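The listed protein sequences derive, respectively, from chains A and B. When the first sequence is numbered by this note's numbering, its final residue is 216 and no position is left out of the sequence of numbers. When the second sequence is numbered by this note's numbering, its final residue is 111 and no position is left out of the sequence of numbers.
Please note that a few of the clues may not be correct.
Claimed, not checked - Below, computed lysine to any residue pairings styled on SDA-like, alpha-carbon distance capped at 25 Å:
| hint | chain 1 | residue 1 | chain 2 | residue 2 |
| --- | --- | --- | --- | --- |
| 1 | B | K25 | A | A144 |
| 2 | A | K143 | B | L87 |
| 3 | A | K142 | B | R54 |
| 4 | A | K208 | B | S85 |
| 5 | A | K208 | B | A86 |
| 6 | A | K142 | B | E52 |
| 7 | A | K142 | A | V214 |
| 8 | A | K139 | B | T109 |
| 9 | A | K142 | B | E50 |
| 10 | A | K143 | B | G39 |
| 11 | A | K143 | B | N58 |
| 12 | A | K170 | B | V18 |
| 13 | A | K208 | B | G27 |
| 14 | A | K142 | B | S72 |
| 15 | A | K142 | B | D61 |
| 16 | A | K142 | B | N76 |
| 17 | A | K208 | B | Q43 |
| 18 | A | K139 | B | V18 |
| 19 | A | K139 | B | G39 |
| 20 | A | K169 | B | F59 |
| 21 | A | K208 | B | D84 |
| 22 | A | K143 | B | E74 |
| 23 | A | K142 | B | E51 |
| 24 | A | K158 | B | A95 |
| 25 | A | K139 | B | D84 |
| 26 | A | K105 | B | Q43 |
| 27 | B | K25 | A | E141 |
| 28 | A | K105 | B | K25 |
| 29 | A | K142 | B | E53 |
| 30 | A | K143 | A | K170 |
| 31 | A | K142 | B | A79 |
| 32 | B | K25 | A | T146 |
| 33 | A | K158 | B | H9 |
| 34 | A | K208 | B | E52 |
| 35 | A | K143 | B | G2 |
| 36 | A | K139 | B | Q17 |
| 37 | A | K143 | B | T111 |
| 38 | A | K208 | B | F68 |
Because the hints were derived from the structure by calculation, they are not lab data. Everything numeric in this text was worked out from a predicted model, so none of it was measured.
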Amino acid sequence: EDKVVQSPLSLVVHEGDTVTLNCSYEVTNFRSLLWYKQEKKAPTFLFMLTSSGIEKKSGRLSSILDKKELSSILNITATQTGDSAIYLCAVEITSGGSNYKLTFGKGTLLTVNP
Amino acid sequence: DAGVTQSPTHLIKTRGQQVTLRCSPKSGHDTVSWYQQALGQGPQFIFQYYEEEERQRGNFPDRFSGHQFPNYSSELNVNALLLGDSALYLCASSLARGVVQYFGPGTRLTVT
């Protein structure tokens with residue numbers, strides 16, 4: 103059974119701290135790994151990673167994939183209260199051709215206190 | 000550019016009833032996927048529609064069915080509602096050959 107595990111499940115930090123969120127996976131037919139931020143309802147896309155060892159960066163957020171270790175990390179530097187959200191890791195699994203689906207982890211609830 | 004839209008926002012139903020949720024994909028997208036997100040859980044894949052056909056399905060019973068229309072919008076139908084069907088139902092759209100799925104704001108379904 104395909105599995106995506108995120109850790110920690112929740113995290114409380116102070117503004118300005120740096121956080122690292124983890125995602126590990128055991129899936130068949132891996133195609134890519136995606137990170138989403140969910141504040142109230144709609145998850146919003148952050149990063150898509152397909153190649154191992156190549157860091158994706160957007161402002162204070164960055165992410166990297168390690169295909170050997172079947173894992174990814176999401177780093178947030180100089181956290182702000184607006185970073186408070188659930189961060190979801192999803193693995194894209196293909197069943198051939200253009201058939202694919204996302205399998206999500208449970209998410210990490212990040213709370214940034216002022 | 001309109002993003003993914005879903006209706007209704009909230010819905011309260013009684014056990015045994017049937018419900019229909021609606022989704023309009025992001026402009027230019029032709030593939031729609033539906034997810035169920037229970038409280039404290041990540042979204043779980045229900046099924047995906049492309050070219051008006053169900054292309055893939057997750058581990059959900061036949062009570063969950065869907066439809067895609069020629070304009071790429073989609074409906075999710077759930078029959079014989081159970082208390083356990085209470086959840087946030089998310090619709091996501093993408094391009095058939097794309098990877099990134101863009102999510103709508105969801106429909107919060109409460110079954111009493």
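Hint check results:
1. B:K25 to A:A144: holds, 13 Å
2. A:K143 to B:L87: holds, 8 Å
3. A:K142 to B:R54: This hinted pair is violated, its Cα atoms lying about 29 Å apart.
4. A:K208 to B:S85: Between K208 (chain A) and S85 (chain B) the Cα gap is close to 17 Å, so the pair holds against 25 Å.
5. A:K208 to B:A86: The given pair, whose Cα atoms are some 14 Å apart, holds under the 25 Å limit.
6. A:K142 to B:E52: violated, 31 Å
7. A:K142 to A:V214: Given pair K142 (chain A), V214 (chain A) holds - Cα atoms ~15 Å apart, limit 25 Å.
8. A:K139 to B:T109: Measuring from Cα to Cα gives roughly 24 Å; hence the hint holds.
9. A:K142 to B:E50: Distance of about 31 Å is beyond 25 Å: violated.
10. A:K143 to B:G39: holds, 12 Å
11. A:K143 to B:N58: holds, 23 Å
12. A:K170 to B:V18: violated, 44 Å
13. A:K208 to B:G27: violated, 30 Å
14. A:K142 to B:S72: Satisfied, since the Cα-Cα distance of roughly 23 Å is no more than 25 Å.
15. A:K142 to B:D61: violated, 29 Å
16. A:K142 to B:N76: Holds, at roughly 24 Å.
17. A:K208 to B:Q43: holds, 10 Å
18. A:K139 to B:V18: This hinted pair is violated, its Cα atoms lying about 28 Å apart.
19. A:K139 to B:G39: Measuring from Cα to Cα gives roughly 14 Å; hence the hint holds.
20. A:K169 to B:F59: violated, 30 Å
21. A:K208 to B:D84: holds, 18 Å
22. A:K143 to B:E74: holds, 19 Å
23. A:K142 to B:E51: violated, 30 Å
24. A:K158 to B:A95: holds, 24 Å
25. A:K139 to B:D84: Holds - the C-alpha atoms of D84 (chain B) and K139 (chain A) are around 24 Å apart, at most 25 Å.
26. A:K105 to B:Q43: Distance ~12 Å between K105 (chain A) and Q43 (chain B) Cα, so the pair holds.
27. B:K25 to A:E141: Holds. K25 (chain B) to E141 (chain A) sits at ~20 Å (cutoff 25 Å).
28. A:K105 to B:K25: violated, 29 Å
29. A:K142 to B:E53: Violated, at about 29 Å.
30. A:K143 to A:K170: With a Cα-Cα distance of about 33 Å, the restraint between K143 (chain A) and K170 (chain A) is violated, given a limit of 25 Å.
31. A:K142 to B:A79: violated, 28 Å
32. B:K25 to A:T146: OK: K25 (chain B) and T146 (chain A) at ~13 Å, within 25 Å.
33. A:K158 to B:H9: Distance of about 36 Å is beyond 25 Å: violated.
34. A:K208 to B:E52: Violated, because 29 Å separates the two Cα atoms, which is more than 25 Å.
35. A:K143 to B:G2: holds, 14 Å
36. A:K139 to B:Q17: violated, 31 Å
37. A:K143 to B:T111: With Cα atoms ~22 Å apart, K143 (chain A) and T111 (chain B) stay inside 25 Å; holds.
38. A:K208 to B:F68: violated, 31 Å
In summary, the numbered hints that this structure violates are 3, 6, 9, 12, 13, 15, 18, 20, 23, 28, 29, 30, 31, 33, 34, 36 and 38.
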